[in-house]
Every structure is written in C-alpha cells, then in structure tokens.
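Engineer: Here's the letter readout for the chains.
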Amino acid sequence: MNLLPGKNPPGNWAEFLEGLWQRNPVFVMVLGMCPTMAITTSAINAISMGLATTFVLAASCWMISLMRHVIPKEVRIATYIVIIATFVTVVDYGIQVISLSLYEALGAYIKLIVANCLVLGRAEAHAARNPPMASVINATGMGLGFTLGLFMIGGVRELIGMGSLFGISLFGPHYQPWVVMILPPGGFFVMGLWLMVFALVRARRDHGLAAQTQGG
Amino acid sequence: MHESIGQILISTILSGNFVLAMFLGMCPFMGVTHSVKVAFPLGLATTFVIFMASVCAYLLNLVLIPLHMEYLELISYITVIAAAVQLVEMYVKKQSPELFRALGIYLPLITTNCAVLGVALFQTARDYNFLQSLTFAMGGGVGFTLALTLLASVRERVRFSQVPNAMMGTALTLMLAGILSLAFMGFAGLGGGE
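Taken in sequence, the protein lines are chains A and B.
For reference, each letter of the first sequence is one residue, going 1 to 216 in our numbering.
For reference, each letter of the second sequence is one residue, going 1001 to 1194 in our numbering.
One thing to keep in mind: the hints can contain errors.
To be verified - With a Cα cut of at most 30 Å, we get these calculated BS3-like pairs of lysine-lysine:
| no. | chain 1 | residue 1 | chain 2 | residue 2 |
| --- | --- | --- | --- | --- |
| 1 | B | K1094 | B | K1037 |
| 2 | B | K1037 | A | K73 |
| 3 | B | K1037 | B | K1093 |
| 4 | B | K1094 | A | K73 |
Said to hold, decoys possible - The following label-pair restraints were derived from C-beta to C-beta distances:
| no. | chain 1 | residue 1 | chain 2 | residue 2 | range |
| --- | --- | --- | --- | --- | --- |
| 5 | B | S1153 | A | R129 | 33 to 43 Å |
| 6 | B | P1066 | A | G94 | 21 to 31 Å |
| 7 | B | A1125 | A | G94 | 34 to 44 Å |
| 8 | B | M1069 | A | V201 | 32 to 42 Å |
| 9 | B | G1006 | A | R205 | 53 to 63 Å |
| 10 | A | V28 | B | I1065 | 34 to 44 Å |
| 11 | A | S101 | B | Q1086 | 50 to 60 Å |
| 12 | A | R205 | B | H1034 | 24 to 34 Å |
Said to hold, decoys possible - To list a few chain A residues with every Cβ distance to chain B over 10 Å, as calculated:
| no. | residue |
| --- | --- |
| 13 | F16 |
| 14 | N130 |
| 15 | L148 |
These are calculated hints, taken from the structure and not from any lab test.
Positions of the beta carbon are idealized from the N, C-alpha and C atoms, including for glycine.
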C-alpha cells in the first residue's frame, strides 16, 4: 500500500481502491440494488449499466462538490436530486445515440439511476464535503466498484443461464441452460451466493490470522 | 397496449410483482423487513406515495407532451414526487410519532425508492391511459406491501433457526427473497400475455 502515491491525508488512490473493492458498493454496502438485480441478466448489460452509473456518479459528484458552498443546507437533497436527474437525462439520451438495442435492453432502468441510493449516498457523504478532484476520484472508484459487482453477478447469471459470456457460447450446443438464473429469482440467488462466498473467505482468513497469533 | 384493468391489476400484484419480478424498491425490501410490524405500515405508506406519484406523472405528461419537453420528464417527476413524500412525512410525524420513529430513515428514502419513480416511468413507457395508470399504481402498491409483509413474516420465522455462519444476514435474506420470487413466478400467465 505504501507504494501508492498520495497516501496521506486519506489518500486519493487509497480511497479509489477502497471504493473498488474493500467498500464495494454492491457486496459490502449493498446499495443500488434495483439495477443490480434487474439488468444483470447478461455480462454486457451489466457492464453498460455500471459504466452509465459511473458517469452519472462522477459527473454529479463533481458538480455538487463545485457548488458545495452555494447550496443551502435545508434544500440540499432536492438540489442533489435535480443535479443527478440532469446527468441521468444526459446518459439516457447518450445511450440512445450510441446503441438503440442496448437502450431497449436496459429500458426504464437507465432513468432509474436517479433513484440509485449509491449516487445520492456518495453526494451526501463525500462530494458535499470535499474538493472537486477528490470527490471525482472517490466517485469513479465507487462507480467502477459498482461496475465490477454488476459484472460479477451478470457474468455468472449469463454463464449459467445461457451458457455464454458476452454472447459467445462457451459450453457447446449440448449445454442445457439453467433458465431460472436469468429470470428474476436468479438475481437473488446469485447475489446471495456471492455474499456467502465472501463471508466464507473472510471467516477462513480471520480463522487463519487467529491461529497465527496463537501459534506465535 | 390494450390490457384490460383486471389484467393489469392481477399481473402487477402477482406475476409482475414490483419487488420480486421487476426489482423496484429493493432498499426497503432488504432494510425494513425484519418485522411485520414495521414492514406493513411502510408498505401502506409507499402504496400511497406510489398512487400519488402515478397521478402526478399523468398530469405532468399532459403538460410536457404538448410542449415537446419530454426531456424534462425525469427532473419534473422526481421533484414532484419529492414534494409529495415531504407531505406524507409531515402527516405521519403528526399523526403517530412512534410509527415515524420506527420507519426511521426509510420514510424520506421513499423519494429515492425506485418503485415510486418506476411506476411513473413504466406507465409513461407503456402508454397507459388515466384509469390504467391508476390501476397499475394500485396493483404495484398492493404487490409491494404483499412482498414486504411476506418476506418480513418469513424472516421472523427463521430468526431463531440454525443457519450456517456464512449465510447469516443479507445472504440469507436474499436467498429467502429468491425462493419467494420463485413462488411468485408460478403465477405467470394469470394476468394474460406478457
């Protein structure tokens, strides 16, 4: 960790990495569940949704951070929401330009980024108190962590539910797809299983540490 | 889209349940379903807000579409919904302070509840007329309350059962929700072709 530049005070890079993994928005903070479940039926959808959210997160945190001394305390949430909604509208129209099929696949869930607790949470907890650069880095880290989380769920669901990854068939024509995984219940199951895996790994690591200290 | 009122009602409550099939309103679904006593009132409060949001969105569309200002859709929806939630919050605070305390942070969070914004967006996307929109909102709210109450009762039941350590907490809730969602899929087709 000492190799990372800008370690002291909190350290932008450390914070960036923290958002990416240690405080991953999907698995650790469990924020923004609606898109996590709804659009992770395939890896490509998951990644596009993640990147769209990252953009909204970074852009609105930057804007909010710039305006943090101007916004009156009493109406701050309303102001944040209007700023976020503006950037979501930008993304919404942007995706329509880039790929219409993607836009149809994601549907109303792009607009629902507004209601993603992650974005408002970051705005309130970080952007409102830090200078623009720091909050953009923090937001990008969180956004990419979110993308990673979505990909880990979407990838598994696509792999099991359709036998493919990024639309490329992996198991050959004889694979019997486990369709329930790309249906709504699959979202719950895969997310639950990931959380279980993390809990197991953590338990094993803690156990190992305890054994080490006892032995030494 | 020529769905009849009955079709919309049944499909939004059961097979197209907001929480279990469309994943709208997951935060309260995970957060406040530890007891039925809290989950049920929150469901009712959300139903009311969803209903208001639906009416507001319909009226806003009457203004926005003739003026070709659809790009303001999202911003105007969320602002109007936020104001509506504020009203409900003031009302609950006055009527029953203990309920207000029990709901805690989740009441203001209804604003950022996807179900509320979702109902506004989906009814616009599906070109529902006024009556269809109201039914959609009603069914969505009832379905939301149903899912919340069901999960809360299941969680109350499993609280004292032996669960592997790794499954404790959110993982267990997700698994339960998955099974619940699986059960609701059995209703597929009841509301007529999806």
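Engineer: Work down the list of hints and note, for each, if the structure agrees.
Structural biologist: Right, here's what the structure says about each hint:
1. Proximity of K1094 (chain B) to K1037 (chain B) is assessed by CA-CA distance (about 19 Å); at most 30 Å being required, the pair is judged to hold.
2. Between K1037 (chain B) and K73 (chain A), the direct Cα distance comes to roughly 33 Å. Violation of the 30 Å bound is thereby established for this hinted pair.
3. About 17 Å separates the Cα atoms of K1037 (chain B) and K1093 (chain B), which keeps this hinted pair within 30 Å; it holds.
4. Proximity of K1094 (chain B) to K73 (chain A) is assessed by CA-CA distance (about 24 Å); at most 30 Å being required, the pair is judged to hold.
5. The supplied range of 33 to 43 Å is met by S1153 (chain B) and R129 (chain A), whose beta-carbon atoms lie about 41 Å from each other.
6. Distance hint check for P1066 (chain B) and G94 (chain A): the Cβ-Cβ separation is about 26 Å, which falls inside the suggested range of 21 to 31 Å.
7. A hinted range of 34 to 44 Å is violated for the C-beta pair A1125 (chain B) and G94 (chain A), which are about 18 Å apart.
8. For the hinted restraint 32 to 42 Å between M1069 (chain B) and V201 (chain A), the CB-CB distance of approximately 51 Å leaves it violated.
9. In this structure the hint that G1006 (chain B) and R205 (chain A) lie 53 to 63 Å apart at CB holds, the actual value being about 55 Å.
10. Between V28 (chain A) and I1065 (chain B), the C-beta spacing of about 42 Å keeps the proposed range 34 to 44 Å intact.
11. For S101 (chain A) and Q1086 (chain B), the hinted distance range of 50 to 60 Å is not satisfied, since their beta carbons lie about 39 Å from each other.
12. Checked against the hint of 24 to 34 Å, the C-beta distance between R205 (chain A) and H1034 (chain B) comes to roughly 28 Å, which is consistent with it.
13. Separation of F16 (chain A) from chain B is adequate, the least Cβ-Cβ distance of about 25 Å exceeding the 10 Å criterion.
14. Listed as a non-interface residue, N130 (chain A) keeps its Cβ farther than 10 Å from every Cβ of chain B; the least gap is roughly 22 Å.
15. Every beta carbon of chain B lies more than 10 Å from that of L148 (chain A), the smallest distance being close to 18 Å; the non-interface claim holds.
Hints 2, 7, 8 and 11, counting from the list given before, are not met by this structure.
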